[in-house]
Amino acid sequence: MRAIYIVIMGAIFAGCNGSASNGWHRVSSTEQGQIERAKAICSGRASDTQVIAGRYWIAGAFASNETFKGCMAEQGFVQ
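Going by the numbering used here, the final residue of the sequence shown carries number 79, and the count climbs one at a time with no gaps.
Honestly, the hints are just simulated from the structure, not real lab data.
Mixed in with the good hints there might be a few duds.
[Stated by the list, open to error] Computed spacing ranges between beta-carbons, pair by pair: (1) Val27 - Trp57: 18 to 26 Å; (2) Val27 - Asn65: 18 to 26 Å; (3) Gly60 - Trp24: 24 to 32 Å.
Glycine residues also receive a C-beta, built at the ideal position from the N, C-alpha and C atoms.
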């Protein structure tokens, strides 16, 4: 099971590295642009937390959500 997970994740990351390079652009300095930047950063941190805490457990989802909220607060945004 673990080997399948590693293979799938490798395929996903390999696909991301080659195909998206043409679509990258600098975030605008507007508030909406900064929110989108913060969301992208915080989504990555939340994903890392969910993997560490366990993707199929409620605790993993809760930890991921709390990490996202905390990260957004660090970036200067509140809900």
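Hints and how they fare:
1. Checked against the hint of 18 to 26 Å, the pair valine 27 and tryptophan 57 fails, with Cβ atoms roughly 34 Å apart.
2. Between valine 27 and asparagine 65 the C-beta distance comes to about 24 Å, which sits within the given range of 18 to 26 Å.
3. Judged by the Cβ atoms, the range 24 to 32 Å given for glycine 60 and tryptophan 24 holds: they are separated by roughly 30 Å.
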